[in-house]
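Once you've looked at the hints, dock chains X, L, P, H and Z against the given chain W.
6 protein chains.
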Amino acid sequence: MNKILTFGEIIMRLSPSGNRTMKQSHGMEFFFGGTELNVAASLASMGGEVKHVSCVSDDFVGESALAFVKSFGIDTSFITKNEHPLGLYFLEVGSAVRASRIAYNRLNGSFANIEAGKTDWKKALEGCGYFHWTGISPGISESAYESLKEGLQTARDMGIEITTDPAYRSNLWKYGKTGNEVLKELVGYSTIFIGGVAEINEILGSQFSSDKEGFLHACRELKQQVPSIHKIFDKIRIGVTASAQQTQGRALVEENYFETELLEVNPVVDRIGTGDAFAAGLIYGLQHFDDEKALHFANAACAIKHTILGDINYSSAEDILEVMAGNSGGRIKR
Amino acid sequence: MNKILTFGEIIMRLSPSGNRTMKQSHGMEFFFGGTELNVAASLASMGGEVKHVSCVSDDFVGESALAFVKSFGIDTSFITKNEHPLGLYFLEVGSAVRASRIAYNRLNGSFANIEAGKTDWKKALEGCGYFHWTGISPGISESAYESLKEGLQTARDMGIEITTDPAYRSNLWKYGKTGNEVLKELVGYSTIFIGGVAEINEILGSQFSSDKEGFLHACRELKQQVPSIHKIFDKIRIGVTASAQQTQGRALVEENYFETELLEVNPVVDRIGTGDAFAAGLIYGLQHFDDEKALHFANAACAIKHTILGDINYSSAEDILEVMAGNSGGRIKR
Amino acid sequence: MNKILTFGEIIMRLSPSGNRTMKQSHGMEFFFGGTELNVAASLASMGGEVKHVSCVSDDFVGESALAFVKSFGIDTSFITKNEHPLGLYFLEVGSAVRASRIAYNRLNGSFANIEAGKTDWKKALEGCGYFHWTGISPGISESAYESLKEGLQTARDMGIEITTDPAYRSNLWKYGKTGNEVLKELVGYSTIFIGGVAEINEILGSQFSSDKEGFLHACRELKQQVPSIHKIFDKIRIGVTASAQQTQGRALVEENYFETELLEVNPVVDRIGTGDAFAAGLIYGLQHFDDEKALHFANAACAIKHTILGDINYSSAEDILEVMAGNSGGRIKR
Amino acid sequence: MNKILTFGEIIMRLSPSGNRTMKQSHGMEFFFGGTELNVAASLASMGGEVKHVSCVSDDFVGESALAFVKSFGIDTSFITKNEHPLGLYFLEVGSAVRASRIAYNRLNGSFANIEAGKTDWKKALEGCGYFHWTGISPGISESAYESLKEGLQTARDMGIEITTDPAYRSNLWKYGKTGNEVLKELVGYSTIFIGGVAEINEILGSQFSSDKEGFLHACRELKQQVPSIHKIFDKIRIGVTASAQQTQGRALVEENYFETELLEVNPVVDRIGTGDAFAAGLIYGLQHFDDEKALHFANAACAIKHTILGDINYSSAEDILEVMAGNSGGRIKR
Amino acid sequence: MNKILTFGEIIMRLSPSGNRTMKQSHGMEFFFGGTELNVAASLASMGGEVKHVSCVSDDFVGESALAFVKSFGIDTSFITKNEHPLGLYFLEVGSAVRASRIAYNRLNGSFANIEAGKTDWKKALEGCGYFHWTGISPGISESAYESLKEGLQTARDMGIEITTDPAYRSNLWKYGKTGNEVLKELVGYSTIFIGGVAEINEILGSQFSSDKEGFLHACRELKQQVPSIHKIFDKIRIGVTASAQQTQGRALVEENYFETELLEVNPVVDRIGTGDAFAAGLIYGLQHFDDEKALHFANAACAIKHTILGDINYSSAEDILEVMAGNSGGRIKR
Amino acid sequence: MNKILTFGEIIMRLSPSGNRTMKQSHGMEFFFGGTELNVAASLASMGGEVKHVSCVSDDFVGESALAFVKSFGIDTSFITKNEHPLGLYFLEVGSAVRASRIAYNRLNGSFANIEAGKTDWKKALEGCGYFHWTGISPGISESAYESLKEGLQTARDMGIEITTDPAYRSNLWKYGKTGNEVLKELVGYSTIFIGGVAEINEILGSQFSSDKEGFLHACRELKQQVPSIHKIFDKIRIGVTASAQQTQGRALVEENYFETELLEVNPVVDRIGTGDAFAAGLIYGLQHFDDEKALHFANAACAIKHTILGDINYSSAEDILEVMAGNSGGRIKR
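Chains as they are written, first to last, in the working numbering: chain W, 1 to 334; chain X, 1 to 334; chain L, 1 to 334; chain P, 1 to 334; chain H, 1 to 334; chain Z, 1 to 334.
Extracted from the complex, chain W is given alone in its bound form (with noise of 0.2 Å):
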């Protein structure tokens, strides 16, 4: 029962390389990722074992994308292919006081059209303990909006955990439904909400305030609108400039508040992924630790990923204890 599955979209990252604007650029380096996948792969690094259920294109973007994932020992069984060509975004990478810069091409891809009503959920959720998924799935499609909830429902009728990061972005939702409208109605199935006073404010349409009180009273809203969640982690990503970032966690489990010191990255070699590296390292944390101790590995975990190029968070729970241990990162390890 210690098995993890996420749900989500495999979507390939392309960046100038070096930092250069793309009118610069001859080439670019690419990287799979993909919001739940960067959960998964995260978790697969600090050896979780992981299914991922998507769908990719029928081709050799696929094929390519299907090999990376395999490449963590991830259960790649659910995911299927169709005509659509694999989403995409293109990269353009800041620094310093020039902010980084994101095109996407999703909208038509092969998991925005991937088919409802064909994944197994039951024997995909087999031996799983956690379901985690993100609001940008159902922001994509209304086919994926309705997998989503299939594999929600029937987590939630296997009583297995399921962990919520409920990014809304206003990018998405352009099928007809709206982001509030959808995410309020899946939010309902979690048990565990990794998310902060901004999120909730978007799903119940409050105003809450971003500090302490104002955190401690919109949980007890959340948990009271949606009982079935039983624990709040919210991660806060501070970005001094596009190269020095930094990051705190702070969490409500039950009526106990903790929250960690704050860890700085400078300088940042990748922000994308580090929520999920967050996300990652709180499952892993969850399995294996106490919350509070959780919660700390979490945010080391968010902290590492700076330092790392791509989407995944490729560092074990033995580098993430260190980071935790605070170790600085000044010692080479021989």
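Certain hints may be false.
[To be verified] In silico negatives: residues of chain P with every beta carbon more than 12 Å from chain H:
1. ASN82
2. GLU92
3. GLU142
4. ASN171
5. SER209
6. THR241
7. GLN248
8. LEU262
[Said to hold, decoys possible] Between beta-carbon pairs, the in silico distance windows are:
9. W/LYS177 / X/TYR175: 21 to 31 Å
10. Z/ALA198 / L/GLU292: 57 to 67 Å
11. P/GLY176 / H/LYS333: 24 to 34 Å
Derived by calculation from the structure, the hints in this document are not laboratory data. Just so you know, even glycine gets a beta-carbon here, dropped at the ideal spot from N, CA and C.
Just chains X, L, P, H and Z now, with coordinates in the frame of chain W:
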């Protein structure tokens, strides 16, 4: 009156470097191209004055595409932008007995969503002696088809030469109309046909053989059915292996038949855009030489393009004339 | 019963990029391979189910090797780790009249130090129809030899087909035993022999000629001395230059002699692993086709591998069937 | 009348990639630039209409330089070609306590050999509101000095604003005239002076201090000696280390003194062209904003340039306005 | 008598480029180094005359290593070759909170198999004023230890200064002897000790504290036990993060204590070889300056090395003097 | 007396990587070379002892060039430095029917400004048996011509063999003297002439045909006019395409005519320096073999150089002997 107008998609090619398969790669080289843009940029490299009509994405990818087009001195004033992603394709480059492979992502892109009725074709065609189009554009979407038809009608009314490469691709034509019906209609506007027996059979539903006799019969039948066509030029490319190719041209102008010698290229650096190099060479040739010399020039342009990376023939007219003169490339130009 | 088990070193190849000599380089490309892993990964690429038994270094190099093996979906549960460095070799790639050169660093590596008696061969061979080994493994170290012998004994007892590529390398066999004595012993377990006159002469100490008559005599002598061998397949690779190669297959199955046409590959992208591609193609062929078609399939697999960088034949069965059908690679697959 | 004309060398920068020293490299990245072209291309990136006057080599190097300039949409009709090689320099990029180093090869290049008396300045300056020049050009050669003087005279006669960056470089001025004498003469044509106390002292032979009082005295003295100058803008760049820089602007317009906050950039991606980004930002600002906002815009342009590889500030006006608004770059623009 | 002899392994470093982890890479950059060669090459870069004694592999890898050493003008006549592979290590470069990691492959390499009794030490030490060694060499193998001891004896007999960096590494010393016993013996030959409290405690089995008092006590104890040592120089490197480091030097010469300011380096380009840069700087300093200035020079050399890729400090003496003079690197040297 | 002295420019080659045109590139590979240095470094690679006399720039570019020369073990004590930039050229590498193109920047460089009268030729020629020069050097500048003449006079006086490659290049000779007049004068010092009918016709103003008879007549005429010449060796390189070349040697020594077979190289990796490889092979051959074998060795050296990137033939004498023995390169050397 010596300007040339081209109409078509600006597409990004993404290709793992150095003959690698995609599974073996973390990086890709990219090139902008597109069959009609290839003609435009090749003509500009020879010294031609060109306007290109198209639609790109309103993001940094589209901006980069525009900067590329401008670098040739091509007039981009008639290129619009919209919210859809730039079309693109992935290319795994083959070698020897291994064929190259392409995976497309273009059918929901910015060009596919070009708005008909928005181009001021009269103004765009001002000063132009040639309008070049191919069968790719109308295969992408209905609005691309309609935009093209507007342009063809205006060009015909203005008495401009219309060069047609009726490239039929079975993986297009997903929007309701068939290639056969549309190409037949649009070829009706042409004055110069760039294609051979296969293309004529495709359009007329005929069964001519591909030898000289068949070619002559096919041409005569085409000219009878489409009386506006007064010249037919055929490019023959023989793929010996993925690394060795032969090119040859033949033509029927009025009742005169010409053909060129067979040019061999080994090794092939890049096969993409070699047909477009032929078309560009032909148009340049028709502007500067007699019909027979134009055919030889087009064939030499096609041959030299095989040695240049990317979609565009960067060769100058002088470079092409040297290949035409039989200079095998064995000496260094200091 | 259609799984295949392979046993052998996972070795890292390091090679200056772009045909440079090492003195001219500051960077190298690396590839994981190893003759038996090449067979495993090539089979997996064709769609086969494969288990690989080996031993890697317990560091980030070994971890990377494992991730590579997993990316093919190969079962890695029987791969162990130890404190010795992963074996590796440097390759300077030749061209035309310049031969390629290899410098090895493998004789004190993790595979050379694999512990005999530690593999649960019964469990490892569960569900397997084929056990593939080569003469490289027993040449590396005594413990590799002993581990292999354990596996061969178990496979024979379980009635599994044993395919043998008795690759004799004079730069191995430094641990006390001679290649001749060991290969003769281990070939005794084989049921399918992949080798020709040179290999048979090596093992039997005979002097057969390499023409068809010599081949037939050599085969009959081998079958007489090793009665368990019922099929012999010979791969012939003719190195015209470092950049041009020819491949051909011939076989004696029972009393039937087959041979294939000569396939030419020019230019050669990578010669390493072409014999392994033949072996993989053969095993796949024997599982899916009759013996003669299997030979043709193996030869086509060998040919196409010459066009792929690295040690592995990434081709699908479909790709290989096209080469077998005489498709020269001259067309682009869209 | 809103076009801008710039005059100056198009120079190639060659730089070992990734902070390597040249001894450690086998490859270099190259960029086209040149202090006045940097202003031109930065202005074009913000949306300005620019003409650049220069002279390049009549070979494929010069052709490449021209294609680069055209890619910004800059008017290249007044750029000539000659038989001399394009000027270039080598840059070893420093880091932290290690300073960057430059080695020049420009004094016998195509721009140094530009022919005076050949530019139709009247036509070139048609539609222009600004003429921008720097003290680099007249330091390269006598004919560059003379060409520039012709342009300045015409611009003055046409009542065009003349912006002057009197960059004095001691490694130029090898052709007989001294920087002091020439700069004094040419600054006499200016209406807007971009420089501070050091530059004024250089030109006037004065000894003003660099604090605010010194700056004000120096400005007043300059305006007295060169009455055509009505605005003085000073860019201050403080190099903390090779990897961390601070920028600030101050100005005296009529009798009004302005200054901006200090902007920090850490890490610095590229220091070259940051002064040119200031000048371009200033000209754009003067065309679109009031003088004080123009100064802030110029300072923000200078800061963001430090994060962009190469000589050119590729930022749009919108990008610069965000930096000006205090956006630290810590968020991703999706 | 101003030549310097160094003795030690020439080792190849292999590192994924651009901060990637090895799993994310298909290519590696390589560098030749080795702690004593780093001293040799850094000294040669400053202008010193150096001989290096070592043993490399008799293959193209060893040839490349030799060409690298020769490129510095180092005398390689006393470097031998054998049949064993060149030692190497893999380095994953960390960043910010992520530590760098090393995996070695050296214990069965060519240097580990250097033959004792084969070097003509008298001839090798001809003209030398300094013999530099470190504690790495005798930790690799017994024959390396014996070779070194022969050299030390000869040097002592010839009255040559012996500089010792007793770098103790727990992952060496696998051949039977312990680091403690051997280092104690060999340090007995030294005249100049480059190390601090930790190293002295290691050798003497003492427990001095690392503050100034502890340092002074430790030094005095060492000088008492090893009377040949007349100067002790300590390099202090403080790893703030993997990307930010501080360096400081202190010394006890006779009864005089000196110390330098703390130099900060941020960002760090490469940490490897910074201690060797200190040693090289020190030897150069002792040859050209007084002891105190030598210490400052060594510390500046150590600081600037952090900004240079690879193992070697390529800086000239002039470059180092500038850092010593407080030049922060913020200006470009033209 | 077996050392070889070479005199000539050290020039940097800059080339877009991977067959790209310069317009398509943002990076270039660089190589140091120069026709006489190529001979020097190729000889050193075969095992020869070489001194090179030249003049480089006094900056980090010149330093890098020197480090490159030293890496071959070449004696650089007679190389001076001055304030002028190192000569360089850009090379666009052609392929198949596309010719390679070169753009030079050398006529005002450091070698062009070498000071005559400053080389101690007596000392430089100490221990030398051969002095090698080509017609490139005296074509660059008057001082280069004068420096060379000083050397030739000293060599003649010392009775040293003078090998001459009278490479005439029409794009040199800009300083007043004509190639014809100077070459005729300097060839007068030669004892061994490396050239064929074209070169003899150039020097003598004759019109011999290039067949065997013509060659014999031309040789006899040359020997009559320049009696010091006792051996003539002709390298014939036939450029089939930019990617396929053939090489052959013929010679007249006393009255003996020899010729070699035609060696084919396909594909050609790099044509530059193949003539220099011939000259180096010849000198090495003359030192170690009889004249006829020397010619075959030179031809094989010329052939194998076509497979090596850059200007230098890195092959060992053993590598060349294998090509000479007809080893086609088809096998891997392990």
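Hints versus structure:
no.	hint	result
1	ASN82	holds, 26 Å
2	GLU92	violated, 9 Å
3	GLU142	holds, 22 Å
4	ASN171	violated, 6 Å
5	SER209	holds, 20 Å
6	THR241	violated, 5 Å
7	GLN248	holds, 15 Å
8	LEU262	holds, 15 Å
9	W/LYS177 / X/TYR175: 21 to 31 Å	holds, 26 Å
10	Z/ALA198 / L/GLU292: 57 to 67 Å	holds, 58 Å
11	P/GLY176 / H/LYS333: 24 to 34 Å	holds, 26 Å
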